[in-house]
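With the hints as constraints, model all of the structure from the sequences given.
Number of protein chains: 2
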Amino acid sequence: MYKDTNKRSIVKGISWRIFATTTTVIIVYIFFGRLDLAIAAGVLETVAKVGLYWAHERAWVKIRWGRKKIEPFNLWFTGLPLSGKTTIADSVFKELKKLDIPLERLDSKDIRDLVPGVGFTREDRNRHMHRIGHLIKTLQNNSVSTVASFVSPYRESRKAIREMVKNNVVVYVKTDIETCKARDYKGVYEKAISGELKNFSGINDVYEEPQHAEVIINTDEKSVEEATVEIVKYIKKKYVR
Amino acid sequence: MYKDTNKRSIVKGISWRIFATTTTVIIVYIFFGRLDLAIAAGVLETVAKVGLYWAHERAWVKIRWGRKKIEPFNLWFTGLPLSGKTTIADSVFKELKKLDIPLERLDSKDIRDLVPGVGFTREDRNRHMHRIGHLIKTLQNNSVSTVASFVSPYRESRKAIREMVKNNVVVYVKTDIETCKARDYKGVYEKAISGELKNFSGINDVYEEPQHAEVIINTDEKSVEEATVEIVKYIKKKYVR
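If you read the protein sequences in the order shown, they are chains A and B. Residues in the first sequence are numbered consecutively from 0, following numbering that gives the first Met the number 0. Residues in the second sequence are numbered consecutively from 0, following numbering that gives the first Met the number 0.
Treat the hints as calculated values from the structure; they're not laboratory data. Note that the structure is predicted; figures quoted are calculated from it, not measured. Hints are supplied without guarantee of correctness; some may be wrong.
For identical chains, the list gives no copy identity; a pair is met inside one copy or between any two copies.
[As the list claims (entries may be wrong)] Listed next, the in silico BS3-like pairs over lysine-lysine satisfying Cα-Cα at most 25 Å (straight line): (1) Lys93 / Lys61; (2) Lys68 / Lys93; (3) Lys235 / Lys6; (4) Lys173 / Lys236; (5) Lys235 / Lys68.
This is the structure in structure tokens:
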């Protein structure tokens with residue numbers, strides 16, 4: 000949230016004065032046909048009104064009426080591990096930040112670091128989703144939009160998020176599992192295949208494809224840049240006017 | 000965060016016009032001594048400038064320059080179980096909400112409901128504090144101030160919060176332990192004394208009194224209303240200008 004500084008009100012006063020006084024001079028000239036007096040009236044007006052305008056601005060800064068709370072949205076990236084969710088979400092976040100809206104980035108890894116010991120069973124994941132939904136809701140209550148990236152493999156937990164938050168936009172990052180495996184720089188797929196990692200979405204646990212995703216990004220067909228453009232366009236059109 | 004609606008810009012235009020045109024009419028009258036023409040010029044000016052003012056406002060709504068991010072604060076209520084933290088914090092929250100600032104209420108109970116299974120050992124509590132500090136920080140990044148109430152019995156965890164967040168204001172709700180025990184409507188002191196509850200601050204675990212509290216509320220001497228007035232006054236003076 001921002002508030003107008005004194006400086007802003009003064010500069011606004013000057014910028015307004017430039018074309019307001021021009022108008023006055025023209026009007027006075029039309030009525031009296033005396034350019035010299037019209038200009039003199041304009042000069043006197045300028046001096047008086049920059050100050051008046053400033054006082055008027057400062058008074059309005061204190062008036063609540065007529066200001067609309069910004070509607071927050073939640074961009075929710077879901078997809079297999081290493082599908083590219085975080086990379087695309089980071090890029091989208093960076094672009095959306097430029098719009099000067101209150102915005103927060105939430106990534107699975109960061110949140111799991113904060114709540115150590117959360118497992119990957121269905122129950123653990125669902126409870127974890129509930130916590131994240133609560134965090135997003137808290138931020139939204141304060142007009143803060145979110146860019147969230149979580150594997151979120153179960154339909155029920157994505158549905159829970161949708162029910163908890165406002166203006167939920169699901170982005171399904173659709174990447175072939177073979178591509179994800181090939182990208183396995185963390186070695187997690189390998190560990191899952193060998194059985195060392197349990198409940199690994201796509202290998203020894205299900206990833207339930209979203210059926211109502213607002214945006215589907217097929218990473219075989221689209222670059223990160225193209226995906227970013229598409230998602231930012233969607234958000235701009237629907238939520239940032 | 001709020002944005003100006005179109006309506007607000009129009010009404011601002013009219014309110015400005017009323018005294019701006021009065022000034023013009025006076026100036027024109029001083030120069031030309033013809034009240035009829037001065038008024039006619041004023042009428043023409045009014046029609047032209049309400050529209051111009053509106054356009055000027057809408058242009059400035061889009062300009063970032065000269066707006067200052069609101070500085071968030073964190074009010075941190077600490078004290079023995081049943082000392083009255085939550086009651087006073089609720090009352091302060093209600094008052095501060097009237098100031099039209101982005102504000103969030105965080106209470107121990109709500110957060111513990113979200114993260115079930117967090118214990119009450121020193122390690123558990125410290126880790127829990129770290130999570131809450133992170134939440135406050137996330138909110139503060141988006142200009143949201145917080146009113147938090149947590150027993151937070153250890154100096155080290157209160158210090159960790161102070162280091163994580165901005166504008167931290169510790170309110171020590173100082174209540175005699177005998178008073179807290181007498182208030183024991185939840186039966187928690189009874190359970191702690193019988194040994195059923197472990198790590199209960201003030202009974203079988205330490206409550207380390209804060210040494211650097213910005214505000215100390217002695218609940219034997221002050222009513223909830225008086226405490227609220229004192230705390231709100233402090234916040235208004237330091238953080239809400």
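How the hints compare with the structure:
Taking the closest pair of Cα atoms, lysine 93 and lysine 61 come within 25 Å of each other only across two copies (20 Å); inside a single copy the shortest separation is 33 Å, beyond that limit. Taking the shortest alpha-carbon separations for lysine 68 and lysine 93, both the intra-copy value of 23 Å and the inter-copy value of 19 Å come in at or below 25 Å. Proximity of lysine 235 to lysine 6 under the C-alpha cut-off of 25 Å is restricted to the inter-copy arrangement: shortest distance 22 Å between copies versus 30 Å within a copy. Taking the closest pair of Cα atoms, lysine 173 and lysine 236 come within 25 Å of each other only inside a single copy of the chain (23 Å); across copies the shortest separation is 53 Å, beyond that limit.
Taking identical chains as interchangeable, the C-alpha atoms of lysine 235 and lysine 68 lie at most 25 Å apart whether they share a chain (17 Å) or sit on different chains (23 Å).
Checked against the numbered hints given earlier, the structure satisfies every one of them.
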